[in-house]
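Asks: Listed below, chain by chain, are the residues.
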Amino acid sequence: MVTQGRSYKRQAQQRADRIAAFWEEMQCLEQEQALTLPEDERRVLRRHHDQILEELSRQFEVDTTKVQKQLSLGMRIASLLGALSFSAAVLLFAYHFWDRFSTAARVLILLTAPVAGLVAVARVTMRERTLYCAPMLGMLAFTAFGLNLALFRELFNLTPSATGLLALCIFAFIVAYTYNLRFVLIAGIISFLCYLSATFGAARGVYWLSLGQRPEDFILAGPVIVALSLAPHRQYPGFPRVYRVSGLIAVFLAMLFLASYGDLSYLSYLSWSTKPVEYFYQAASFVVSGATICLGVRWRLQDVVVTGNVFFILFLYTRFFAWWWPWMPAYLFFFIVGVITVGLLFYLKWLRRFTLEQPT
Amino acid sequence: MKRFGFLAACLLLLLANANIFVRGAYNRSGEPVATVNLTGREVKIGEPYSRERNRAERPVRVRLKWNQQTDSSSWFNVVKLEAIGFDCRVAADAPEAKRHYDKMRPRQSFAVLEYEGPAYEAWRRETELKIRDLEEKARKVELTKSEDGSLKRYKWSLNAQSRLCPVDVGNDPEELLLRHPDRSRFIIAPAVVEIARTSRRDLRSKKTTQIYGEISHLLVESISLSDQQCARLEEMIPRLQVSTNSYGHREWTSPQQLRFTVCYGRSYEPWVGDFRFLEETK
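Heads up: the protein sequence lines correspond to chains A and B, in order. With the numbering used here, the residue at position 143 of the first sequence is 143, and numbering never jumps. With the numbering used here, the residue at position 219 of the second sequence is 219, and numbering never jumps.
Next up, chain A with everything else stripped away, as it sits in the complex (with noise of 0.2 Å):
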């Protein structure tokens, strides 16, 4: 199974990571002289260690050395580039070759192509054991049913509907979680975003494309997608992260718009004027970021204290600006800006001596 199977190979590559560090440990004890193995122990061992490797290896496809690493990370971003141009590719190619296709032929490409995606990601999926082809077949077959929905509507001349956003999630949720596929799974959640957000404002009598329109809805739906990530994933070691870190983007955007733009707001219903609205979701942006941190920290969750810090950030300077440019000379507002970065490397700082200072 090739959940499985990627379940074993991050484990398959701890074992590689321990294994190199030992060696590297131990050439530091020897250089110190405190410890120093006998000769024949030293190359039984060392014969062991490369024995594992090279199984591991083979299984596994793990990286052994920091090249390996190195070069595995830029394969991941190259699988993801290439992922988001061949999605372009088709889109725009659909779109500028395709009045000159007679309606059978049209009717037959967009038939086939998202199952001809699907094959393409079933066979790559049987053959690579990291998988750096099968993610960008997987978001041509994503892109292949969406363009598949947009162009039959198209052809019959129907209404356009949220539904195409709910059955492109669902399309997608079953291909990450049939494949492994995170990238997939982005896709998934970003198209569950905007479903929720076009469904509230529809069962409000909005126009469905409007969505977007109220962040709030992003705000509601992101702790969902965040509670995603508590569901046994087990086979899926990945998922989690990229839910918590979906969600909390999609709760921290929404609130850095409504942080400037209050008239956006559902509270500007309930005769909240603008300010208020925006001076709310200013105090809040600091607090949930503030809070996301302190929770990423007790929970040991690396991926939510980045997302939280980096917001938390972002939120910052955002104010900065709002308060201070228009008025402030621009040498004084630097240099402000340069005191407070300051404060927050002494503020980094001290969480990351806390977080060592947890117990593991």
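Treat the hints as calculated values from the structure; they're not laboratory data. Each statement offered as a hint is correct.
Rough simulated footprint, nothing fancy, chain A against chain B, three-plus residues with beta-carbon under 8 Å:
1. 3-9
2. 96-103
Keeping only pairs whose Cα atoms sit at most 20 Å apart, straight-line, the calculated DMTMM-like set for lysine to aspartate or glutamate is:
3. B:Lys44 with A:Glu154
4. A:Lys275 with B:Asp102
5. A:Lys349 with A:Asp303
Label-pair ranges, simulated between beta-carbon atoms:
6. B:Lys98 with A:Leu314: 25 to 33 Å
7. A:Thr103 with B:Lys2: 29 to 37 Å
8. A:Tyr132 with B:Lys2: 13 to 21 Å
These numbers were taken from a predicted model, which means no experiment stands behind them. Note that the Cβ used here is the ideal one computed from N, Cα and C, for glycine as well.
Starting from the known structure of chain A, arrange chain B on it as the hints suggest.
Replies: Chain B only, in chain A's frame:
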């Protein structure tokens, strides 16, 4: 798990596509709710893009054009806005009105478009009046550049503007159908409507503020053609003349030569029933 996932994804694809096919078939089943004969003024077939040859992109779809210059404030009033679901409890000239109405989001509803009816006649008369005023002024003094541009635009609109004008809105299409029973003149189509607020000064220079509704756009304005229709239209296009309008855009000179029959089905979604080229009006 993998096989199950693959089959589930294929099943979802099948269901989503079946839903689209069934919706399309349902819309075109039975008697259309509207069958309106329109001209090239109301149905746009794409821009002519080649100066050398009067060619357009392959016309796989046409675009329904409706007159957006008509004044909807006379009929799309507060009563209609409230019937659609807008909250109009705040008086238009109240101090909190701006904040209240600015936060209103567009809503989805149904618009009634009338072909060559009283609304179009009123707009035509108003435009003719504006032309006459400007021409009279031109006889006395030299027109400014903007006035001259306006005069050209008014003259162009009189001959090229769509005669399909919005006349009513509502959330219940059945009710609209009862109010406007002439199926050869009225189109009922899903549309996005929004609220507008405008201030005017009367003769005593007293400022009066008015709340009214506007149709932002129809949800289906682009209508796909079948392969046969596309081929026929492609043959007709070279017979149309091209000129440059007052906006500097290239356009078909005599769009009235093209006659389209546009039908709206049970789901109030359109298709092109037929079209023809009138040689005799050339």
